[in-house]
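Undergrad: As they're listed, the protein sequences go chains A and B. Note that the numbering used here gives residue 292 to position 292 of the first sequence, counting from 1, and the numbers run on in steps of one. To get the numbering used here, take the position in the second sequence, counting from 1, and add 1000.
Each statement offered as a hint is correct.
Label pairs and their computed distance ranges (CB to CB):
#	chain 1	residue 1	chain 2	residue 2	range
1	A	G42	B	T1037	57 to 67 Å
2	B	P1109	A	D192	20 to 30 Å
3	B	V1125	A	D283	50 to 60 Å
4	A	D193	B	R1024	44 to 54 Å
Honestly, the hints are just simulated from the structure, not real lab data. Just so it is clear, CB atoms sit at the ideal spot from N, CA and C, and this is done for glycine as well.
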Amino acid sequence: MTGFRDRTAIVGVGYTPFSRDSGVSTLTLAADAILAALDDAGLTVDDVDALATHRVGDSTPPWVVAPALGVPEVSWYLDQFGGGSVSHSVVAQAAMAVASGVAETVVCYRAINARSEFRMGGTGRAPAPVFDAQYQAPYGYFAPPQQFAMYARAHMNAYGTTHEQLGRIAVAQRANAVKNPRALKRDPITLDDYLASRWIAEPLRLLDCCLETDGACAVVVTSRERARDLRHRPVLVSGAAWGGGDSFLSGAGSGMTGTDFTVTEAARIAPRLYAMAGVGPGDIDVAELYDCFTYSVLVQLEDYGFCAKGEGGPFVESGATALDGALPVNTHGGFLSEGYVHGINHVAEAVSQLRGAAGDRQVPGAEVALSTAQPGYVLAGTSALILRSDP
Amino acid sequence: MSLAQRPRPETDRDSAPWWRAVRRHELTVQRCVSCGTPRFPARAVCNRCRGREHLWVPVSGTGRVYTWIVNHQVFMRSMADEVPYTVVAVRLDEGHDMLMYGDLVDGDPAELHEGFPVEAVFTDVDEETTLVRWRPRPRDPAGRASSRRT
Chain A
1 MTGFRDRTAI VGVGYTPFSR DSGVSTLTLA ADAILAALDD AGLTVDDVDA LATHRVGDST
61 PPWVVAPALG VPEVSWYLDQ FGGGSVSHSV VAQAAMAVAS GVAETVVCYR AINARSEFRM
121 GGTGRAPAPV FDAQYQAPYG YFAPPQQFAM YARAHMNAYG TTHEQLGRIA VAQRANAVKN
181 PRALKRDPIT LDDYLASRWI AEPLRLLDCC LETDGACAVV VTSRERARDL RHRPVLVSGA
241 AWGGGDSFLS GAGSGMTGTD FTVTEAARIA PRLYAMAGVG PGDIDVAELY DCFTYSVLVQ
301 LEDYGFCAKG EGGPFVESGA TALDGALPVN THGGFLSEGY VHGINHVAEA VSQLRGAAGD
361 RQVPGAEVAL STAQPGYVLA GTSALILRSD P
Chain B
1001 MSLAQRPRPE TDRDSAPWWR AVRRHELTVQ RCVSCGTPRF PARAVCNRCR GREHLWVPVS
1061 GTGRVYTWIV NHQVFMRSMA DEVPYTVVAV RLDEGHDMLM YGDLVDGDPA ELHEGFPVEA
1121 VFTDVDEETT LVRWRPRPRD PAGRASSRRT
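Can you build the whole structure from these sequences, using the hints too?
TA: Below, the structure is given as C-alpha cells:
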C-alpha cells in the first residue's frame, strides 16, 4: 500500500469560467482548462504525455483533445465511463500511471455544458443508460434529485435528520462561496431562505440541489521528484481508493437491492483510503465532499468517520463544518454554490487550500485534505483522494 | 392522469419474463434452484452461489414502504399534469432486500411512514404494457394490515 503513498503530486490546477451557457464546445472548454492548468504548473503542452477524463456520453474524449492541443505523443490515456462517482478515480489512475512509470505528466480534466447542452435532469438528451431504470422510470422516478430525495428520506426515517440540518449545509457552503470570486452564487442565504425555497422532490428543495453548470476544470499530475522543480509547493497524492462492496454490481447503486440506503460505498472504501495515506479522520484539515445535493455531504460526514452513523445532522448543526469550524467542508462553496463540474473542482479546491492559496477562504495551516466523489448512489461505487502538502 | 404518456419500461433479455408476468397481473421474483435465494431485479446469475438455474415464483404482492418522495418538479413534460406525485420504494414481504418502486395510488403521502403496509396494483396503460403501482393495504377490524393476496 505504501508503494503508492506520496509518490506523485498535483502541480497545476486550471478552470474555465463557470456559467449557465458557455457558448462553446466541450472540446474548447477542455482545452482552455488544460492550458490554464499547465500554465499554473509552469509547464507547456510539450510536457504532457497523458490525458485522463470521465464522461457519460456528454463530453470530448482524450483522443480528440490531445491532437486538438498538439500533444506530441500520448503514452497513456483514460476515457472512463461514468459520472460523479468515478470523478476521483480519474486522478487516482493518473497517479498510478505516473507511479508505475507508464506516464510522466498527466492532465486530468472534466468538461461539461451541464446547463446549456446535456442536463442531468433529462432534458436535452436521452438519459444515460442505467440498467434498472426500467423498474423506476415508468413511475416518473429517474432524475438525480428524486433519487437523492429517496435516500435522504430514508436517513430522516432512521435517524430523525431534519430539513433544518440539510439547510445548514446549504447556508454554510453559500457563506464560503461569498469568499470565492469563481463561484456562480455569491449572495449570502439564510436558513429561512432555504426553508422558503420551493420543493423539487420532497424532502429536497431547490437550495438542496447543485447548480447545473457549463465549465471545465483540469489538474496536472506528475512525479514528486519532478514536482519539486515546478512553480508551486507540490500537493502529494497520499492515498486513493475506489470501488465498493458486495453491492457494487448487484444493483444497490440504482437503489434496487440495498438493505440500507443510509450507508454509502464511502463507508466501504474509507478504511482502505485512510490506511493507504497513513492518516485518520482526525488528521483531515479540510474536506471537499461531493455535494450534488446537501444530503450527500451529510451522509459522507458519517461514512468517512467524522461522526457516528446517524449523527451527521447534529454534526452540521454544531457548526463544525463551517470555514472556522473543526472540519471546514466545501470551502469553495461546492457544487451547491461554486458550480458543478462533476467532481474535479473539489480536487482543485483541495490543492488551492494545501498550497495556502485559497485567498479569503483559506483554512489556516491546512496540510491534509480529503476530496471525494459521489458516494455510490445511482451508479455504484465511489472514489476519493487524500492529499497533503509536501512537508 | 396521463398514464398513456409515461415512459415505457425498456426491458432486457433477463427481465422480459417478469414484465410478461406483470402483463398477466402476476407479481413474480426469481428463485435460485441451487440455493433457494429469491432475487429481484432480474439477473441470470445468483450472486450468492453463482447458480445459473432459476424459477420464476409468485409473491404475495404485499410489502412495506421503506422510503418515498413527493415529486413536485416537472422533469418530463409528459408527466406535467401528474405533479405532485408520490413514488414509494417497497420492501417485499418475501425478502427484505428485494425492493420494488412505483407510484402511490389511493393514498395520502402525509400518512406514510417507514413500514407502511402496501399492496401491488396492476394498471394496464396500453395494449402492451402493464405497470405495478402500490396502494395502502386494507386494514382488518383489529386495525392490522391484512396480508390478503391480490
